[in-house]
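S.K.: Sequence:
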Amino acid sequence: MDRKRVFRFAPSPNGYLHLGHAYSALLDFDLARQCGGRFLLRIEDIDTGRARTGFEAAIHEDLAWLGLEWEAPVRRQSEHFDDYARALERLDDMGLLYACDCRRSDIARAAAAKPNWPHDPDGAPLYPGTCRDKPRRAAREVLMQGGVALRLDMRKAAALAGQGLSWREFGLGGVAADPAAWGDVVLARKDTPASYHIAVVVDDALQGVTDVVRGKDLFAATSLHRLLQCLLELPAPDYRHHDLVLDETGEKLSKSLASIALRALRAQGWTPADVRRRIGL
Numbered sequence: 709m710d711r712k713r714v715f716r717f718a719p720s721p722n723g724y725l726h727l728g729h730a731y732s733a734l735l736d737f738d739l740a741r742q743c744g745g746r747f748l749l750r751i752e753d754i755d756t757g758r759a760r761t762g763f764e765a766a767i768h769e770d771l772a773w774l775g776l777e778w779e780a781p782v783r784r785q786s787e788h789f790d791d792y793a794r795a796l797e798r799l800d801d802m803g804l805l806y807a808c809d810c811r812r813s814d815i816a817r818a819a820a821a822k823p824n825w826p827h828d829p830d831g832a833p834l835y836p837g838t839c840r841d842k843p844r845r846a847a848r849e850v851l852m853q854g855g856v857a858l859r860l861d862m863r864k865a866a867a868l869a870g871q872g873l874s875w876r877e878f879g880l881g882g883v884a885a886d887p888a889a890w891g892d893v894v895l896a897r898k899d900t901p902a903s904y905h906i907a908v909v910v911d912d913a914l915q916g917v918t919d920v921v922r923g924k925d926l927f928a929a930t931s932l933h934r935l936l937q938c939l940l941e942l943p944a945p946d947y948r949h950h951d952l953v954l955d956e957t958g959e960k961l962s963k964s965l966a967s968i969a970l971r972a973l974r975a976q977g978w979t980p981a982d983v984r985r986r987i988g989l
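In terms of the numbering used here, the sequence shown opens at residue 709 and continues consecutively.
Please note that the accuracy of each hint is not assured.
Within a straight-line C-alpha distance of at most 27 Å, the following computed DSS-like cross-link-like pairs (lysine-lysine) qualify [claimed, not checked]:
{"id": "1", "residue 1": "K898", "residue 2": "K712"}
{"id": "2", "residue 1": "K842", "residue 2": "K822"}
{"id": "3", "residue 1": "K864", "residue 2": "K898"}
{"id": "4", "residue 1": "K842", "residue 2": "K864"}
None of these hints come from the bench; they were simulated from the model. None of the values given here were measured: they were computed from a predicted structure.
Start from the sequences and build out the full structure, keeping to the hints where you can.
M.R.: Rendered as structure tokens:
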């Protein structure tokens with residue numbers, strides 16, 4: 709008997725949901741319902757400094773208003789740092805991590821001084837490997853003490869994963885992964901013992917997620933996620949990166965830009981049907 713497909717919507721509780729979130733959540737929910745699959749809600753609150761319980765409560769309220777139903781209990785990342793630590797220690801045992809105390813401002817300053825400095829797919833200057841050859845510190849020690857980041861040695865990691873790394877993308881078929889484009893990414897931050905990248909691949913595997921449906925702004929990050937899945941011997945979901953909901957100026961909706969929230973639209977008299985019409989669902 710075929711196993712049920714598993715979809716998930718995984719917002720961060722650092723602001724109110726907007727129409728872009730509604731599109732992703734509703735698309736995941738609709739696809740799960742169409743195939744008789746499961747729909748999960750996950751709260752990605754590893755950034756405990758920005759996460760707020762009020763925003764988390766609002767997420768539940770907004771999604772329920774849209775007519776979504778999800779399985780309980782809801783996984784909250786802040787309750788599972790041990791899972792991410794075990795994954796990091798496994799990568800460390802493979803010799804793929806190193807401690808880094810460099811500041812982003814220093815990297816940005818160095819990049820600004822050289823016009824041909826390489827950048828990652830998100831436009832950030834690539835880390836030059838300043839700390840790569842410093843005396844090794846165990847991941848467990850770094851995670852316990854904090855204040856220092858853990859970076860992935862991309863050259864070693866890509867070599868270990870080998871050639872032919874890819875993922876299956878809806879509408880495109882196989883897509884060749886290019887994790888090297890991200891350079892030596894941070895997998896544990898100075899202020900948080902995990903990064904989005906390590907947490908999302910661990911969570912998806914532990915929750916049995918078979919279909920990752922998310923915005924096109926995360927398309928390039930899938931190369932890095934496939935690398936981590938390969939190294940950690942985790943299953944690879946199918947991916948579907950949907951178009952982004954844009955505002956009147958053509959910019960993508962964003963919490964950082966204070967895009968109008970679902971709760972504000974609801975206060976203006978919008979209905980869930982109005983939301984679906986606006987986003988084309």
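S.K.: Which of the numbered hints are not met once you compare them with the structure shown?
M.R.: 1
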